[in-house]
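*Asks:* Given next are the chains, with one letter for each unit.
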Amino acid sequence: MDTKINETLDCKGLSCPMPMMKLAKTMKGMKSEEVLEMLGTDPGTKSDLPRWCDKSGNTLLDESELAGGVFRFLIQKK
Amino acid sequence: MSENNKETGALGQLYKTFFAKHWPVWVGGIVLGTLNILLFAIKSPWGASGGINNWGENVYKLIGIFGLENAKPTGASFYGMLCVFLVIGSFIGALLSKEFALRIPPKGELIKGFIGGSLMALGATFGIGCTISAFFSGMPALSGGAIIFTIGLFLGVIVALKYLMWEMEKFPGFSSGKSYNFLAGTGKSGIWQKWAGWIVLIITFIIAYQYSGGNKIMTWFIIIGMLMGLISQRSRFCIVKAFRDPFMTGEADGSVGVMAGIFIGLFGFTIIKYFGIGVGDIALRTREMTWVFPHFFFRAAIGGFIFGLGMTIAGGCAVGTLWRVGEGQVKLWASALGFLIISPISKLYIVPPIVDAIPQSWDFKNYLPDYLGYPGAFALITLIILIWYVFVKWNEKTGKFSAY
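Each protein sequence line maps, in turn, to chains A and B.
Per this note's numbering, the first sequence runs over residues 266 to 343.
Per this note's numbering, the second sequence runs over residues 848 to 1251.
Just to be clear, a hint being listed does not mean it is correct.
Below, computed lysine-lysine pairings styled on PhoX-like, alpha-carbon distance capped at 25 Å [to be verified]: (1) Lys269/A / Lys342/A; (2) Lys1244/B / Lys320/A; (3) Lys1194/B / Lys1212/B; (4) Lys293/A / Lys1017/B; (5) Lys311/A / Lys343/A; (6) Lys343/A / Lys287/A; (7) Lys890/B / Lys290/A; (8) Lys311/A / Lys863/B; (9) Lys1247/B / Lys293/A; (10) Lys1240/B / Lys343/A; (11) Lys1063/B / Lys890/B; (12) Lys296/A / Lys311/A; (13) Lys919/B / Lys890/B; (14) Lys277/A / Lys293/A; (15) Lys311/A / Lys868/B; (16) Lys1035/B / Lys868/B; (17) Lys277/A / Lys890/B; (18) Lys954/B / Lys287/A.
To spell it out: a stretch of chain B is covered by chain A in this simulated footprint if at least three of its residues, at any positions, have a beta carbon under 8 Å from a beta carbon of chain A; those stretches are [said to hold, decoys possible]: (19) 947-961; (20) 1008-1021; (21) 1028-1036; (22) 1081-1093; (23) 1097-1107; (24) 1160-1171; (25) 1176-1185.
Rather than coming from a laboratory, the hints here were simulated on the basis of the structure.
Everything numeric in this text was worked out from a predicted model, so none of it was measured.
A virtual CB, placed ideally from N, CA and C, is assigned to each residue, including glycine.
If we strip away everything but chain A, and leave its shape as in the complex, we get:
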């Protein structure tokens, strides 16, 4: 359950397209198997991110909603 997080990307307050742009750019700079924690508040990310993971081959390890309407995603680079 305790996944090692290599980097955290804070996209709270940002709306489309900034969260996905920042996510894609950050993932580009990470190594294979590394895990990114992404925090955001845009509901669009809930559907955009899993779809992007599906298509890009990265793995969405976990998805949860924290207090205050913050969405948290753990993504592992392929």
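Guided by the hints, dock chain B onto chain A, whose structure is given.
*Replies:* Structure of chain B alone, referenced to chain A:
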């Protein structure tokens, strides 16, 4: 989980179908395309910039500047009300799915929202329409100008996307910083959102009913506007996404959703125009020319380009802005504000002198069936959609044109 377990009955399942998860964009596109046909059957097709312009005119009327005392009150303007209820419909959708929150972004994003909205207002005035009236409705309306507007949009999106990527690279601090999130519906404490959603829905129907005595068309504009907002929010229907994502992350879902809506609209609009459905007292030719604007081709090209820049910077076109306003995205509040403030000013002062210098006839409307017949015009729009579809799907697979 406990909350989910409570809703196991048939109605609970139905509720979950609509509000537990986002809908596929293509479902949203098909329903929105169908509602667009209904609007046309009742009166005229979907549009958004005219409604936002009406809001702006009423703001200036209230302040008493620019000589707009004869502006139509929003309560009497079909498109003004359509836009109001589009926001309310999205608000209802966000509440019923507990996705509403006041999301205040970093300052830089607010500035981008305002600038983007202002550019959209300029683009819509130049191009005589926005992504809805001059594209999503304009293409099914078999307008030649809509094709030109679309090319302009496409170029504007590419340029603005390059800017966003440059900004993220060179000035990452511009879209970072303090942000706030209020009234989020997380967990059990957010149950109030569902109650509020039902209440606003009931109030909407009461208002629609109030109009039914003397203005039946308005009743339906209110109901359809509300449904359009709700569906757009649930399916994340977004025309910026359709143009931008293939060149950003390579995703094609948003594009396919918009194509589905245009294609459905194409069927309905062609039938309405061909058979003169709803022609009433007006001439058949007038019905045929509905949503075919005199913008061919410089105005359409320039307007589309400026609009494309604006919507990409704002992160939502006219409709994408409106439904995100209802969802509580304050960046798009800034965009709507920029749009409504600048729209009447650009109509009165900025665009007319520039337009006078453009070598284009203001009486000419390019109606594709005049040149290609109905079958040819229908086939041409279908072909454009098909080429676009093949391109985005190929690009999704190969990533040839996507930045990430």
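*Asks:* Run the structure past the numbered hints and jot down the numbers of the failing ones, going up.
*Replies:* 7, 17
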